[in-house]
Amino acid sequence: MEDNKTHSHTTHDVHHMNVDDHHQPSNTKQIWKTFWILLGITVFEVGIAFTSLPKGLLKWTFIGLTIVKSYYIVGYFMHLKHEKPHFAWVILLPFVLIIYFIAMLICEGNYIGSLAGEMLK
Amino acid sequence: MMSSETSLKKENSSDWDGGRSPFAMSWGKMYMWLFLVSDAFTFSSLILAYGAMRHRFSSVWPDANDVFTHFPFLHGHIPLAYVGLMTFILIMSSVTMVLAVDAGHRMNRKSAIMWMVFTIIGGFMFLGSQAWEWYHFITGTEGGKMVDGVMMHGANLTRNEYGHPLFADFFFFITGFHGFHVFSGVVINIIILINVINGVYDKRGHYEQVEKAGLYWHFVDLVWVFVFTFFYLV
Numbered sequence: 001m002e003d004n005k006t007h008s009h010t011t012h013d014v015h016h017m018n019v020d021d022h023h024q025p026s027n028t029k030q031i032w033k034t035f036w037i038l039l040g041i042t043v044f045e046v047g048i049a050f051t052s053l054p055k056g057l058l059k060w061t062f063i064g065l066t067i068v069k070s071y072y073i074v075g076y077f078m079h080l081k082h083e084k085p086h087f088a089w090v091i092l093l094p095f096v097l098i099i100y101f102i103a104m105l106i107c108e109g110n111y112i113g114s115l116a117g118e119m120l121k
Numbered sequence: 001m002m003s004s005e006t007s008l009k010k011e012n013s014s015d016w017d018g019g020r021s022p023f024a025m026s027w028g029k030m031y032m033w034l035f036l037v038s039d040a041f042t043f044s045s046l047i048l049a050y051g052a053m054r055h056r057f058s059s060v061w062p063d064a065n066d067v068f069t070h071f072p073f074l075h076g077h078i079p080l081a082y083v084g085l086m087t088f089i090l091i092m093s094s095v096t097m098v099l100a101v102d103a104g105h106r107m108n109r110k111s112a113i114m115w116m117v118f119t120i121i122g123g124f125m126f127l128g129s130q131a132w133e134w135y136h137f138i139t140g141t142e143g144g145k146m147v148d149g150v151m152m153h154g155a156n157l158t159r160n161e162y163g164h165p166l167f168a169d170f171f172f173f174i175t176g177f178h179g180f181h182v183f184s185g186v187v188i189n190i191i192i193l194i195n196v197i198n199g200v201y202d203k204r205g206h207y208e209q210v211e212k213a214g215l216y217w218h219f220v221d222l223v224w225v226f227v228f229t230f231f232y233l234v
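Residue numbers (the numbering used here), protein chains in the order written: chain A, 1 to 121; chain B, 1 to 234.
Source of the hints: derived by calculation from the structure; they are not laboratory data. Take these hints with a grain of salt, some might be off.
Once the Cα atoms are required to be at most 20 Å apart in a straight line, the calculated EDC-like pairs of lysine to aspartate or glutamate come out as [stated by the list, open to error]:
hint: 1; chain 1: A; residue 1: K55; chain 2: B; residue 2: D66
hint: 2; chain 1: B; residue 1: K110; chain 2: B; residue 2: E133
hint: 3; chain 1: B; residue 1: K145; chain 2: B; residue 2: D66
hint: 4; chain 1: B; residue 1: K212; chain 2: B; residue 2: D202
hint: 5; chain 1: A; residue 1: K84; chain 2: B; residue 2: D17
hint: 6; chain 1: A; residue 1: K59; chain 2: B; residue 2: D63
hint: 7; chain 1: A; residue 1: K81; chain 2: B; residue 2: D169
hint: 8; chain 1: A; residue 1: K84; chain 2: B; residue 2: D15
hint: 9; chain 1: A; residue 1: K59; chain 2: B; residue 2: D66
hint: 10; chain 1: B; residue 1: K145; chain 2: B; residue 2: D63
hint: 11; chain 1: A; residue 1: K55; chain 2: B; residue 2: D63
hint: 12; chain 1: B; residue 1: K212; chain 2: A; residue 2: E83
hint: 13; chain 1: B; residue 1: K110; chain 2: B; residue 2: D202
Incomplete in silico selection of chain B near chain A, CB under 10 Å [claimed, not checked]:
hint: 14; residue: V83
hint: 15; residue: G140
hint: 16; residue: L233
From chain B, some residues computed to sit far from chain A (all C-beta separations above 12 Å) [unchecked claim]:
hint: 17; residue: F57
hint: 18; residue: P72
hint: 19; residue: M92
hint: 20; residue: R109
hint: 21; residue: K110
hint: 22; residue: Y135
hint: 23; residue: R159
hint: 24; residue: T175
hint: 25; residue: S184
hint: 26; residue: G199
The structure displayed is predicted, hence computed values, not measured ones. Cβ atoms here follow ideal geometry from the backbone N, Cα and C, with glycine treated the same way.
Here chain B stands alone, though its shape is the one from the complex (with noise of 0.2 Å):
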């Protein structure tokens, strides 16, 4: 069985007559990387759906600079920076990551540990900024707007003071599965953390989890990027 092997490797020299893996890669870091897609396939759907809205009610869409407009600790209209600040965190955070990764293939444990604590710390302010975020978008500002009859101070499901109810809805929903997304890669990140403290990686002879968690926390870092250009920037 063993030499049959053997012998097949040798005459086989292209990836796909069979005898190997034709990508050079592990069957749970492949898995990785299709879930990733059929995720990016969701969430292309949900912001596909508020661009069609957002084309639909052009007339009546919100300005995002008009809506998030506040700084901690500093009164008047800053509209972008926060959100900025808020995308600072993410891809300093998918930097730790990655760094957390290259220890990982250096076998070197106490680099891994000290990144990946970097990044749950970087995922955590992340979380922060969004539940302030939130906070601010729905309690709204002191003028308030009349809507329906009825004075509305910051949004809800089905109004809000800053223009069609859909854009709340879509940054809810967005957002907030987008938010999701980032506590899960917070707890996968702290069970890798757990692992590799306790040397299952040096045990095992590699650190391959580290690097399945790395791309969870960075195509969740890619997302952003994208919420970013469509919710605040165009």
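So here's chain A without its partners, still in its complex pose (with noise of 0.2 Å):
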């Protein structure tokens, strides 16, 4: 019973926290700009891909501006800027395995098209 008491406490006072938290009248005004921002961000993208510039410069473009993109979302629709620091490393962290499979799978890849290429020779 006691503890049926106090659980159901601190689940409240979590709540609470959260509610607290968002005191501030309202931020639209943020949620607005971030919406801009991400348009802008997409239209510059679907601009530029018709453009006559290098190929590899356009990929890491899209690529550097994807990443600004998911700043944003994470950032700011998530809410995760307005998190503890420390939960938004508990989620951000795990992602440095992906940036080395990504590098891994990649090599890969080229590594077997090119032996394939050479064996067609």
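Starting from two chains that each stand alone, build the complex the way the hints lay out.
As structure tokens, then:
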């Protein structure tokens, strides 16, 4: 019985903290600002896709802008920027593995591709 | 019991000394985040497998700008416009979702209902666009192309007129998996909307459930940003 009481008490506490966090009148302004940034980046991406810029430069621009877009979505829409920094690290750090995975698989793909090319010669 | 707990709280100032939630977050919201991390790993693996195979078959890999060239009611070669519109729809529905979460924080039920309805409409619009895109990919062009001695119009899982069969396989699998996430998100949003309309969260005292559904919805938007880049732009 006692245990139950304390449990519900702490859960209530957590919700209370959450509500207190957002006691500013409203974040509407920031939300729309984020929307215009995301839309602007997307329009810019589609726009430069039709230019005759070098392919490599285009590719890295797109990848860079995708990361900028995910920063705004995760930071502002998903509110990670306003969570505790500890928590943001818990969420973001595992993606170091993905960076390693990208390097590994792209190298592997290129290598197998070049091997197959050699065999055709 | 209660008095010892309150004294604990006074003594300990650090987040990690116990007696409080170190992340100042309910378990439900935290587990939604952890689920999204695992889901992000699934999507990363799929997109990475696509990347590896694209590099493997780089000489015969089709250019997406030659494949997805249709736009409703317009004729001619119009690449990127339609998928740009789909991206716009999804970003827009993400905005209406944050506005619903924001309304929830202010305990404004009417406003939350309105923005949730807009979000659900946006979700259906995206799913419809996805279906249209698939239809054109599957039925293909009038010209078609000979593949393995068969005249191919469009694509299936074993051959397509655009290039390497894996291109179509990854397209179906990744956009299909993402589309299914969007569909699940719409269903979740409808359930949450019904609860909001019934005043469940007013009785509970907080709209955190809307926030959790919102996290999932934004994640779906986030995945689309990556699909858009790696399938259509790069």
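Taking the hints in turn, this is what the structure says about them:
no. : hint            : result
1   : A:K55 x B:D66   : holds (16 Å)
2   : B:K110 x B:E133 : violated (35 Å)
3   : B:K145 x B:D66  : holds (14 Å)
4   : B:K212 x B:D202 : holds (16 Å)
5   : A:K84 x B:D17   : holds (16 Å)
6   : A:K59 x B:D63   : holds (13 Å)
7   : A:K81 x B:D169  : violated (37 Å)
8   : A:K84 x B:D15   : holds (10 Å)
9   : A:K59 x B:D66   : holds (17 Å)
10  : B:K145 x B:D63  : holds (16 Å)
11  : A:K55 x B:D63   : holds (12 Å)
12  : B:K212 x A:E83  : holds (14 Å)
13  : B:K110 x B:D202 : holds (11 Å)
14  : V83             : holds (9 Å)
15  : G140            : violated (23 Å)
16  : L233            : holds (5 Å)
17  : F57             : violated (7 Å)
18  : P72             : holds (17 Å)
19  : M92             : violated (8 Å)
20  : R109            : holds (15 Å)
21  : K110            : holds (14 Å)
22  : Y135            : holds (22 Å)
23  : R159            : holds (19 Å)
24  : T175            : holds (17 Å)
25  : S184            : holds (17 Å)
26  : G199            : holds (17 Å)
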